[in-house]
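**Student:** Following the hints, complete the assembly by docking chain B onto the known chain A.
Protein chains: 2
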Amino acid sequence: MSDMYTPEWVKDAVFYQIFPDRFAKSARVPKPTHLEPWEMPPTVHGYKGGDLLGVVDKLDYLQDLGVTALYFNPIFQSASNHRYHTHDYYRVDPMLGGNRALKELLDACHARGMRVVLDGVFNHASRGFFQFHDILENGPHSAYLDWFHVYTFPLNAYDSDGALGYAAWWQLPALPKFNTSTQAVREFLWGVATHWLEFGIDGWRLDVPNEIADDAFWREFRRRCRAVNPECYIVGEIWDDAERWLGGDQFDAVMNYPFTRAAFGLVAASSLNQREIGRCGLQYIAPLDPPGFAREVEVLLTRYRPEVTAAQLNLLGSHDTPRALTIVGGDESALRLALLLLFSFPGAPCLYYGDELGLSGGHDPECRQTVPWDHPEGWNRGLWEMVRKLAHLRLAHPALRRGRFRTLYADAELYVFTREFGGERLVGALNLAPYALAAKPLPLELSAARAEPLLGAGRLEAAAAGAAHLSLGARSGELFQLA
Amino acid sequence: MSDMYTPEWVKDAVFYQIFPDRFAKSARVPKPTHLEPWEMPPTVHGYKGGDLLGVVDKLDYLQDLGVTALYFNPIFQSASNHRYHTHDYYRVDPMLGGNRALKELLDACHARGMRVVLDGVFNHASRGFFQFHDILENGPHSAYLDWFHVYTFPLNAYDSDGALGYAAWWQLPALPKFNTSTQAVREFLWGVATHWLEFGIDGWRLDVPNEIADDAFWREFRRRCRAVNPECYIVGEIWDDAERWLGGDQFDAVMNYPFTRAAFGLVAASSLNQREIGRCGLQYIAPLDPPGFAREVEVLLTRYRPEVTAAQLNLLGSHDTPRALTIVGGDESALRLALLLLFSFPGAPCLYYGDELGLSGGHDPECRQTVPWDHPEGWNRGLWEMVRKLAHLRLAHPALRRGRFRTLYADAELYVFTREFGGERLVGALNLAPYALAAKPLPLELSAARAEPLLGAGRLEAAAAGAAHLSLGARSGELFQLA
Numbered sequence: 001m002s003d004m005y006t007p008e009w010v011k012d013a014v015f016y017q018i019f020p021d022r023f024a025k026s027a028r029v030p031k032p033t034h035l036e037p038w039e040m041p042p043t044v045h046g047y048k049g050g051d052l053l054g055v056v057d058k059l060d061y062l063q064d065l066g067v068t069a070l071y072f073n074p075i076f077q078s079a080s081n082h083r084y085h086t087h088d089y090y091r092v093d094p095m096l097g098g099n100r101a102l103k104e105l106l107d108a109c110h111a112r113g114m115r116v117v118l119d120g121v122f123n124h125a126s127r128g129f130f131q132f133h134d135i136l137e138n139g140p141h142s143a144y145l146d147w148f149h150v151y152t153f154p155l156n157a158y159d160s161d162g163a164l165g166y167a168a169w170w171q172l173p174a175l176p177k178f179n180t181s182t183q184a185v186r187e188f189l190w191g192v193a194t195h196w197l198e199f200g201i202d203g204w205r206l207d208v209p210n211e212i213a214d215d216a217f218w219r220e221f222r223r224r225c226r227a228v229n230p231e232c233y234i235v236g237e238i239w240d241d242a243e244r245w246l247g248g249d250q251f252d253a254v255m256n257y258p259f260t261r262a263a264f265g266l267v268a269a270s271s272l273n274q275r276e277i278g279r280c281g282l283q284y285i286a287p288l289d290p291p292g293f294a295r296e297v298e299v300l301l302t303r304y305r306p307e308v309t310a311a312q313l314n315l316l317g318s319h320d321t322p323r324a325l326t327i328v329g330g331d332e333s334a335l336r337l338a339l340l341l342l343f344s345f346p347g348a349p350c351l352y353y354g355d356e357l358g359l360s361g362g363h364d365p366e367c368r369q370t371v372p373w374d375h376p377e378g379w380n381r382g383l384w385e386m387v388r389k390l391a392h393l394r395l396a397h398p399a400l401r402r403g404r405f406r407t408l409y410a411d412a413e414l415y416v417f418t419r420e421f422g423g424e425r426l427v428g429a430l431n432l433a434p435y436a437l438a439a440k441p442l443p444l445e446l447s448a449a450r451a452e453p454l455l456g457a458g459r460l461e462a463a464a465a466g467a468a469h470l471s472l473g474a475r476s477g478e479l480f481q482l483a
Numbered sequence: 001m002s003d004m005y006t007p008e009w010v011k012d013a014v015f016y017q018i019f020p021d022r023f024a025k026s027a028r029v030p031k032p033t034h035l036e037p038w039e040m041p042p043t044v045h046g047y048k049g050g051d052l053l054g055v056v057d058k059l060d061y062l063q064d065l066g067v068t069a070l071y072f073n074p075i076f077q078s079a080s081n082h083r084y085h086t087h088d089y090y091r092v093d094p095m096l097g098g099n100r101a102l103k104e105l106l107d108a109c110h111a112r113g114m115r116v117v118l119d120g121v122f123n124h125a126s127r128g129f130f131q132f133h134d135i136l137e138n139g140p141h142s143a144y145l146d147w148f149h150v151y152t153f154p155l156n157a158y159d160s161d162g163a164l165g166y167a168a169w170w171q172l173p174a175l176p177k178f179n180t181s182t183q184a185v186r187e188f189l190w191g192v193a194t195h196w197l198e199f200g201i202d203g204w205r206l207d208v209p210n211e212i213a214d215d216a217f218w219r220e221f222r223r224r225c226r227a228v229n230p231e232c233y234i235v236g237e238i239w240d241d242a243e244r245w246l247g248g249d250q251f252d253a254v255m256n257y258p259f260t261r262a263a264f265g266l267v268a269a270s271s272l273n274q275r276e277i278g279r280c281g282l283q284y285i286a287p288l289d290p291p292g293f294a295r296e297v298e299v300l301l302t303r304y305r306p307e308v309t310a311a312q313l314n315l316l317g318s319h320d321t322p323r324a325l326t327i328v329g330g331d332e333s334a335l336r337l338a339l340l341l342l343f344s345f346p347g348a349p350c351l352y353y354g355d356e357l358g359l360s361g362g363h364d365p366e367c368r369q370t371v372p373w374d375h376p377e378g379w380n381r382g383l384w385e386m387v388r389k390l391a392h393l394r395l396a397h398p399a400l401r402r403g404r405f406r407t408l409y410a411d412a413e414l415y416v417f418t419r420e421f422g423g424e425r426l427v428g429a430l431n432l433a434p435y436a437l438a439a440k441p442l443p444l445e446l447s448a449a450r451a452e453p454l455l456g457a458g459r460l461e462a463a464a465a466g467a468a469h470l471s472l473g474a475r476s477g478e479l480f481q482l483a
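Protein chains in written order, with full-length UniProt numbering: chain A, 1 to 483; chain B, 1 to 483.
Mixed in with the good hints there might be a few duds.
Below are the BS3-like pairs computed for lysine-lysine, each with C-alpha atoms no more than 30 Å apart in a straight line [stated by the list, open to error]:
no.: 1; chain 1: A; residue 1: 103; chain 2: B; residue 2: 103
no.: 2; chain 1: A; residue 1: 31; chain 2: B; residue 2: 177
no.: 3; chain 1: B; residue 1: 31; chain 2: A; residue 2: 177
Listing some non-contacts, in silico: residues in chain A with all C-beta distances to chain B over 12 Å [claimed, not checked]:
no.: 4; residue: 5
no.: 5; residue: 39
no.: 6; residue: 167
no.: 7; residue: 177
no.: 8; residue: 208
no.: 9; residue: 211
no.: 10; residue: 385
no.: 11; residue: 433
no.: 12; residue: 462
no.: 13; residue: 476
Simulated from the structure, these hints should not be mistaken for lab results. Since the structure is predicted, the reported quantities are computational estimates derived from the model, not experimental observations. Heads up, the beta-carbon is just placed ideally off N, CA and C, and yes, glycines get one too.
In isolation and in its complexed conformation, chain A is listed as follows (with noise of 0.2 Å):
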């Protein structure tokens, strides 16, 4: 296996990204007696109390939706209900069940044969993590200095006025950063990555890597976790330009926030909600007409080996984005369109848990809110209907999974795709206008009278020779099967 690998499962995978303390929550679990109702609007500091026996609970649910792969947002002890405080990484939150319950989970998960992807928070620590409370707590005494950057004492960690005297995530006292140059650290972390992989889980989805600029660190990293699972997913969140962790020895891919953007860029071009976006680390979506999409497209397939490319972690948002349905302001034709081409797209799709609910809401807190199993009466079974379709076709149909995507057509109002594998080929097709097309000729050459669509939608009808004719309605795309 060369260091240019990537794992194939993750080329053929469905993930979908679950908030623990949100998505659903089991009597199983012990709790603690003061948790918001969990019907309420979640607020920035409470918790709901969701657990990942919840998780298993609800795996019924996720493989008919055509799932099959998990990424979580952490899950280790924390202090925060996002728990991105980490307050120690060897243990899985107490009201999440603890590492039984995550045990359980891995083999539920397991013996479906979906795989768990966990959240790796290295780049610091909480306040509360044990040899940062250290330094807190002896000052210049402390044992473990050298575990953080420390510069002046006293530390005013919980004091606002004075100077913090360490680094911080985007100076935020409640993230001490690591200082990943002193060995013990390295080897804590390296640590804490093998661990869990020895413990059953599928990869690591690493949190802001890029604050750990160190290529050594990473490869290390990666080497390390190779030799537990050499089929262990290495995922980075880096929003932008990721070459760099790419070379194919430090991470496998990263998620694709580019492709969200170009995404939403056209399927949503005159109804972005950019206010919620500017809030979030999209920042802004610069609207596209299809052609201007399909140049982008070339960007998103040419700049990383079709290796990366393939193991992309695809997505329409995430707990650091508002939710897809409030990125496209509420216009549900652009999120169907948009889950079209996620579906479709080469690397792996991610749904956001509730998205195929129809659920909405602005930046955190607002994107990660409950899911609310009891009140199915507020579902939107059409999207959902729609996203279970989309995935089971994609688990049906190698051409989406590993074909070759190329544009075959982009007009003002039209964006045309084929993707191919083996004798297998598919065509997509986005009628973005607000009409629709009818017999709209398009350079195809078909074998048969018509192709299937697989949406059920469309129509794609052979023309003259070289020539076949599309129909599909206002805001609404079909994916065709061909021969």
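**Tutor:** Chain B only, in chain A's frame:
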């Protein structure tokens, strides 16, 4: 086994108290870089880097000394060198070697027939303890509000200007007091207690258990501990009257500081260092003449049931007092007399580490110095030999462990006691005077011409009927074996 049962092994034990950061250091435990040099005087906040495998390395030394049980100051993960500020109750501090080192220590001790008692700090946690940290981080939104006694927000755990906002031991911000009326907290603490008994420890020394003024809590604590290990020792840190806890359904015994006071009051009546004594929990030690001491002995031996008295943890000092040699104002003869009492008295003698080598020093941090293993030229070998002799005499003579203790004689200069068990009869004599006693008549019938002096220091010879003559050097003591 009735409720009134106290562990048999305790009655036969010779305890040795170890302050883990300071006793011994093993190269097998990786250490942080920022440690204080072993040889330098200890500081309030610094770490020396002693560890549990260092203790394993010294088991030959301890067994040779006559030690059969170890009582450890706290060993769980903590951001303080004394580790009373618990950060994690389920993890042995990494600097001590972690859980694996404890396992190795327990196995090594048990293979030698030695027992291990840990310090249980259940009244308060530290401000880095997970559930308290959650309150610090999330304020009124914390899921764990009812784990502590929170009065007002914001909490001022690190800001001495504001009101603390929560209950803490002695109002120390670092030590938030558990709310033991919350069921989850009770279960947590009981769970910790039984977990480590299942792991293999032989008992708990309970730190400030009187602060949890809740008999039901301690009754259930005992029930659960005894269910795991019917021979586990439960000994409370109660400095004065402990009747409430010693009814047979809570603790087996307590740390016998009243014995400490009485013993020092007798042996060092004229040299007590009241200034240092006043800085610790002993506060003041009343000088006693032998008749006064005899009266104290009566109180000590009749205050609790015999089962309790035989299981008391008798001590001359601890991490919470000045060194024994310092308490007696540096008078080694007084320390030797006190040691004779310690090893002759009903209840298990507990030696504070290093006292056998003649370490001296005032209250914390001075009394918590490292053992100068590499500087044997500084050891008091005479003292060490005496301790070793006393410990082995105790192990060899059931009368010293199980025998009835009676004051035989007391006057202004002399205190004489007997201990009898089965057919064995021992007489102990302490000459408090700064001059030798020669052929001093005692109301004692000897069956042989002379009694055997076990320490080889004094002489006890038959005189007229019902009388014996005692000869003993100035400020010295002896144990005689009769018949």
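**Student:** All hints are to be evaluated individually against the structure, with a verdict given for each.
**Tutor:** Structure-based check of all given hints:
1. Using a Cα cut-off of 30 Å, the hinted pair residue 103 (chain A) and residue 103 (chain B) holds, with the two alpha carbons roughly 24 Å apart.
2. Distance hint between residue 31 (chain A) and residue 177 (chain B) is fulfilled; the C-alpha atoms sit about 21 Å from each other, no more than 30 Å.
3. Of the supplied pair hints, the one linking residue 31 (chain B) and residue 177 (chain A) holds, its CA atoms being roughly 21 Å apart against a limit of 30 Å.
4. The claim that residue 5 (chain A) is not at the interface with chain B holds, since no C-beta of that chain comes within 12 Å of its own (minimum 33 Å).
5. Its beta-carbon lying about 17 Å from the closest one in chain B, residue 39 (chain A) satisfies the requirement of being farther than 12 Å from that chain.
6. Once the 12 Å rule is applied to beta carbons, residue 167 (chain A) is consistent with being away from chain B; the minimum gap is 17 Å.
7. Every beta carbon of chain B lies more than 12 Å from that of residue 177 (chain A), the smallest distance being close to 18 Å; the non-interface claim holds.
8. Distance check on residue 208 (chain A): its Cβ is at least 20 Å (rounded) from any Cβ of chain B, clearing the 12 Å threshold; non-interface status holds.
9. With a least CB separation of 21 Å from chain B, residue 211 (chain A) remains clear of the 12 Å interface cut-off, as annotated.
10. Every CB of chain B is more than 12 Å from the CB of residue 385 (chain A) (nearest about 36 Å), matching its label as outside the interface.
11. Look at residue 433 (chain A): its CB is around 47 Å from the nearest CB on chain B, clear of 12 Å, so calling it non-interface holds up.
12. Non-interface call for residue 462 (chain A) relative to chain B: holds, since the shortest CB-CB distance, roughly 63 Å, exceeds 12 Å.
13. With a least beta-carbon separation of about 43 Å from chain B, residue 476 (chain A) lies farther than 12 Å from that chain, consistent with its non-interface assignment.
Hint compliance for this structure: no hint is broken.
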